[in-house]
Amino acid sequence: MKNYFIIHGSYGNPYKNWIPWLKRELSKRKINCIVPNFPSPYKQDYESWNKILKAYLDIGLITENTTFITHSLGGIFIAKFLIQNKVTIKKLITVSGFNHIKFEEDNSLYDSFYIDSKELKTVEKYCYERICIYSDNDPYVPINEAENFANMINAKKLLIEQAGHFNEKSGYTEFKELLNYINS
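One rule links them: number in this note's numbering = place in the sequence shown (from 1) + 387.
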């Protein structure tokens, strides 16, 4: 069965940014789409997020035909999830993905998600295709960090100029460019 998961980032949820729009677009195309709600920022850590997503794995909804579409912290979360659970999927699309950024505030919210570079490189064997979408003016994820993340997972890189963090504040309640990479 072909499944699509949309994974929000820190301070996110299934009802923010372009996520509700994308879910509607996929539903119009009769594509099964699941958007889990992870605790954020309260009780946000890798183990709590892993426990929620592992339930989908345990009931057979995450397979070799699964595509994950992630925003921000969701990218490194899924990379770590695939590596630690030894799960192979069809495609990983990250939007503003990163690993090991040291934020001035709330740094402890992210530390449990990060993995060392050598381990991150192994995600390639768990995804047939990897695409990283990022911006040149993201206020949270500097372009060099986004490109480094893309390089580490050996992903196709897509720079969208002046897109900010691809959130509502940057005008992203829709994300039409993303549809080009869903079924490709």
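Any given hint could turn out to be false.
Calculated pairs, PhoX-like style, for lysine-lysine (alpha carbon to alpha carbon, straight line, at most 25 Å) [what the hints assert, rightly or not]:
#, residue 1, residue 2
1, LYS556, LYS544
2, LYS403, LYS430
3, LYS389, LYS430
4, LYS477, LYS417
5, LYS477, LYS410
Since the hints were derived computationally from the structure, they do not count as laboratory data. Computed from a predicted model, the values in this text were never measured in an experiment.
LYS477 and LYS410: Cα distance at most 25 Å? Distance ~19 Å between LYS477 and LYS410 Cα, so the pair holds.
Between LYS403 and LYS430, does the CA-CA distance stay at or below 25 Å? Between LYS403 and LYS430 the Cα gap is close to 19 Å, so the pair holds against 25 Å.
Would the hint linking LYS556 and LYS544 be met if the CA-CA limit is 25 Å? holds, 23 Å
Hint consistency between LYS389 and LYS430 [alpha-carbon to alpha-carbon, up to 25 Å]: violated, 31 Å
Would the pair LYS477 and LYS417 pass a check requiring their Cα atoms to be no farther apart than 25 Å? Within the cut-off at roughly 18 Å; holds.
In summary, the structure is inconsistent with hint 3 from the numbered list given earlier, while agreeing with all the others.
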